[in-house]
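**Q** Sequential numbering from 20 applies to the sequence shown in the numbering used here.
By construction, these hints were calculated from the structure, which means they are not laboratory data. Among the clues, some could well be false.
To be verified - Label pairs and their computed distance ranges (CB to CB):
1. Leu44 to Thr23: 20 to 30 Å
2. Ser185 to Asn117: 27 to 37 Å
3. Thr26 to Asn117: 29 to 39 Å
4. Ile100 to Gly200: 20 to 30 Å
5. Leu183 to Asn293: 40 to 50 Å
6. Thr383 to Arg360: 44 to 54 Å
7. Ala196 to Asn55: 51 to 61 Å
8. Val78 to Ala168: 18 to 28 Å
9. Gln141 to Gly200: 16 to 26 Å
10. Ser36 to Val78: 15 to 25 Å
11. Thr26 to Glu236: 42 to 52 Å
12. Leu44 to Arg22: 28 to 38 Å
All residues carry an ideal CB built from backbone N, CA and C; glycine is no exception.
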Amino acid sequence: MDRTIYTVGQINAYIQSMMDDDRLLSGLCIRGEISNYKMYPSGHHYFSLKDETGAIRCVMFKSSAIRLRFRPENGMKVIAIGRVSVYPRDGAYQLYCNGLMPDGKGDLQVAFEQLKTRLMAQGLFDPEHKKPLPQYPQRIAIITSPSGAAVHDMLRILGCRYPLVSVRILPVRVQGAEAPGEIAAAIDYANRWDLADLIITGRGGGSMEDLWAFNEEIVAQAIYRSRIPVISAVGHEPDVTISDYVADLRAATPSNGAELAVPDRNALLERLTNGESAMKIALTRQLRTARQNLEHLAKSRCLREPVSPINDRRQMLDGVYKELSAAIDRKIAQCSGECARLTASLEALSPLKVLSRGYALVKTTEGVPVRSVESVKSGQRLEITLSDGVLETQVNAITTHKGGN
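Let the hints inform the model, and build the full structure from the sequences given.
**A** Structural data, given as structure tokens:
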């Protein structure tokens, strides 16, 4: 019996056509856990979906992957939407995925949490980076849609609270694919040309998808690098966006952003009025004190009798002079007595006193005192000093006393 022989490619093509014609396999939603996830430079995503009973290979081409709001990760539970068919080259069936969403959470919520975690790790939310808002801003730039109700609310509130401020509107789209780029560019533009002291960016309320422009990384990075302080005023109070975390101040609503941006003129007027009253009270008290001091000085002796203090000082000087003179006299008397005592002591020890009692001082012609006859020779010339003069003599004979007496 003759049998038809097919090629591998023919069989794969036949099975592929069968699967492509099967309506059940053309619009599947499959729940599973991502594993072996990899994104190639081409932009195509390859991964497997698995559960407790098995696994299926999946591919998501770039044309579908660019619509993803979040980044798939291994271990993430998802619901994949697509068709099952055969990849002819390998003869293996796989899911051609054209949609992917987290299981149990919306894709926007997952994308929000992923971006929040990444930017937090990069330090974009650090309190140290927050800049203080100017207390009395002179120029405010509002970056929002020019046709929305939010901008009119902010202009009304700014005008009522603080009419002195100059407001410049930088019109941008706040919804849609082009919105994030326009918002970021407007923030950079305001910084480049120093258009304001403060920036308010935001929009009115809406769904999470409506507010998504303020959850894009490009907007977060623009707020982070802004030299000008930024208030994020997006949606309603329960709405929290990535811009709120990065901004220097988060406002619950656009109207609240305008209230936080400027002081209330009524409060300022009240503060000025209170300050004026306090200054008047302080000046009155100061004048009263000065008047009392002046009256006290007017009654003082130095003003009534200006020469009296001088006379007092003169009298005091006379007293000091008297005391100083007495001290000097006492010191002179003390020194005179001491000098007399020392003079008497010196006179008692003076050789001249001894000579006046009949003694003489014998010296050689060279001035050397003669203390013993043994140091003198016969015929040697000597000088004999008496109390009233000097005798020059010559030794004719030397007699030595025995026993030294």
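**Q** Indicate, hint by hint, whether the structure satisfies it.
**A** Cross-check of the supplied hints:
1. Between leucine 44 and threonine 23 the Cβ separation comes to about 26 Å, which falls inside the hinted range of 20 to 30 Å.
2. A hinted range of 27 to 37 Å is violated for the C-beta pair serine 185 and asparagine 117, which are about 51 Å apart.
3. As the Cβ distance of threonine 26 to asparagine 117 is approximately 30 Å, the hint placing it in 29 to 39 Å holds.
4. Under the hint 20 to 30 Å, the C-beta atoms of isoleucine 100 and glycine 200, about 29 Å apart, fit the expected range.
5. For leucine 183 paired with asparagine 293, a C-beta distance near 20 Å fails the hint of 40 to 50 Å.
6. For threonine 383 and arginine 360, the Cβ-Cβ distance of about 37 Å falls outside the hinted range of 44 to 54 Å, so the restraint is violated.
7. The hinted range of 51 to 61 Å is not satisfied by alanine 196 and asparagine 55, whose Cβ atoms lie roughly 31 Å apart.
8. Between valine 78 and alanine 168 the CB atoms are about 45 Å apart, so this pair departs from the stated range of 18 to 28 Å.
9. Separated by about 20 Å at the C-beta atoms, glutamine 141 and glycine 200 satisfy the suggested range of 16 to 26 Å.
10. For the pair serine 36 and valine 78, the supplied restraint of 15 to 25 Å holds, since their beta-carbon distance comes to about 19 Å.
11. Range check, threonine 26 to glutamate 236: Cβ separation about 50 Å, and the 42 to 52 Å hint holds.
12. Between leucine 44 and arginine 22, the C-beta spacing of about 29 Å keeps the proposed range 28 to 38 Å intact.
Figure legend: structure checked against the earlier numbered hints; hints not met, in rising order: 2, 5, 6, 7, 8.
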